[in-house]
Amino acid sequence: MISTFFDHELKAFWRSKNTGKSIAVKVVMGLLLLYLFVCVLLIGLFLDKVLMATPPNVDVIVKFCGTILIYFLADLLMRLQLQELPTLKVQPYLHLSVKRNTVVGYLALTAMLSFFNLWPIVIFGPFIIKVILPAHGAVTALVFLFSVIALSVFNNYLALYIKRKANINGWIFLIAGVVLGLLLCGDFVWHLYSLRSASYFFFGNLIGKPYLVLIPLILAGAMFYLNFYYLKDNLYLEELGSKKVSAYKSSSEIPLLNRYGHIGDLVANEIKLILRNKRPRSALIMGLFLMLYGLIFYTNPQYSVGMKNAFAVFAGMFMTGIFIINYGQFMYSWQASHFDGILVSKVKFTDFLRAKFFLFTVVSTVAFLLTIPYIYFGWQIVLTHFVMYLWNLGVNTTIVLYFANRNYKRIDLSKGASFNWEGVGSTQLLLSIPLLILPFAIYLPFKFVNYPNVGLAVMAILGVVFVLTREFWIKKLEEDFYKKRYKIAEGFRNK
Amino acid sequence: MIEIKNLKKIYNGVTVVNVPHLQINKGESIGLVGNNGAGKTTLFRMILDLIRAESGEVLSNGVNVAGAEAWKSYTSSYLDEGFLIDYLTPEEYLYFIGGLHQQNKAQVDEKLAGLAEFFNGEIINKGKYIRDLSKGNQCKVGVGACLLQQPELLMLDEPFANIDPSTQFRLKNILKDQNKNHGVTTIVSSHDLNHVTDVCERILLMEKGVVIKDIATSSSTLSELEEYFGVGQSIASYSVDKEENH
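Protein chains in written order, with full-length UniProt numbering: chain A, 1 to 495; chain B, 1 to 246.
Hints in this document: simulated from the structure, not taken from any laboratory.
Incorrect hints may appear among the rest.
Claimed, not checked - In the BS3-like style, the derived pairs of lysine-lysine whose C-alpha atoms are separated by at most 27 Å in a straight line are:
hint, chain 1, residue 1, chain 2, residue 2
1, B, Lys126, A, Lys249
2, A, Lys11, A, Lys232
3, B, Lys176, A, Lys495
4, B, Lys135, A, Lys278
5, B, Lys8, B, Lys208
Working from the sequences, and respecting the hints, build out all of it.
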């Protein structure tokens, strides 16, 4: 039975519309994953060198033993953020004559299929073979390997257990996060205790007393069975799903937007779309974090003032335009689920486009205002940000909407944004080319002949010209849309 | 109101809709029936300019709907949940739709008060987003939004499918009232032959994309349709067809 489940799982994966139809996307994603894997593997292979490079100067095995526990605490924190619950996949089998144990066992086992379970082995495995095997023999190496795998399994099920509990009560998630944070802070910030010595206490003893491996193994087994029985007792749709019990949802208005008529209404709807759905909301939050992006360049003492100003072009474009890039690249997919409704409603497409420009303007303006504190690093930097803000409003919005007419992929708004490739297609790859290259194609030539300010001025003028000629571009975009709308609507209807 | 000329839609080499000519006059109430895959929804979508016809055209008040905007101001429709903005509350959605037709909140509230019986206290101020409503209640929101627009042409695709019996009766009365007292042209598709013969004065029967029957509803219509849909009756019913065809 389990093999049938796995067969279905594989089919679900390969036949999923989100797997990415175009080979180009698959290849790029494959390369990215391979790159990530190689990076982690390199860390694993040279872990002894890495550990030796850090203070204090003690034996590498002592350091290694001290690191493991810290790794798994951080790992748990990451899992809580990123690991997905394998959930409603079992729904079609619940009413069939399949034993509950089989269904639950399958759910529990597939939970192991996560990249998080691969990393510990890739990171610690090479070290164990390279250093511990020659120093302490095969038995010790083996118990180390088993301990690492067992802790990984333990973490895996603990994270899922907390996540499942958190579905019923959101506070649990917060409490778990805070406890983990405090545990880490207790060592690294307040120095109340040392996680390193706690970790070494166990793993150091493991070298002499291999039977201690039973502790992580028992922990892992206990956590697995805790999950297993919890699932078995709660094998109901509402508890398996990631859908929380919903609170009262009140209607709300965004008062300022009322003044702008239809367009204001459309913008208000789109703001609600962003705030009330998981994926666009996380896109917005990521954008907020990116406001700190400039610090990477501006605080680096090695860069000269001229260099920093050049980097401000890059950083300024992302900081003031991240929303346009991040949210705009999936335009109109966000509205895929009700696109038919928009097409038959009395919304003029020009108004629809104006609302998009309006939204971009509002969010970019807020983003620009947030970057003003960078004036600490010199007024030139904020000036450059302002030029990039104009560029974003004028040129990048138009480019993004031009590509929006070529985007036919539906997006499910309720899924998270991290590692979510739904809606990603060749359009997004193509879009990134003009977005990333155009500003530099204009700026860098001026920079090389030592007139960077002329370059900035040209970009500012271009930005303003595009803003002023916006109606013209809206007309062009509308004409273009009318040629493509059937294909867009068709694509959005394909669930 | 609606005139269809040589309309054809082909998917993967299969003709799913093929209507050489069809005239729907102002004030008519049309019932569209046919088995799954007969092309009802596809026909609806082409009338609403949601999919491209391979050939032919749909004229709404004499103007081709493809690429035009004018028909949107007097046509309201609900085909499926894809017509609703699912992250809004029903009130927000209805105010939005009202706003598109230059109605302020007070006017919308007034109209919604008239729909209170139809909504049956399950829609307004329930503190739920549309996506959290059941399919039946979503259908009520969709139909409510249609009525709010005071259309001249009302198109509903299988509105009876998910709603409870009480709401079915209320919807039938609303449709009759809209048609008789407000002169609204209604086009409704349904699998429920009782409902459709009750509400509609003219029945179009589709099979494999073709309108094979176009009959004015009479006392014998229901049995005639039941005969067609009854298993193994298709050949016999064709011969009757010729005489009664208009």
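Results of checking the hints against the structure:
no. : hint                : verdict
1   : B:Lys126 - A:Lys249 : 8 Å, holds
2   : A:Lys11 - A:Lys232  : 26 Å, holds
3   : B:Lys176 - A:Lys495 : 35 Å, violated
4   : B:Lys135 - A:Lys278 : 22 Å, holds
5   : B:Lys8 - B:Lys208   : 12 Å, holds
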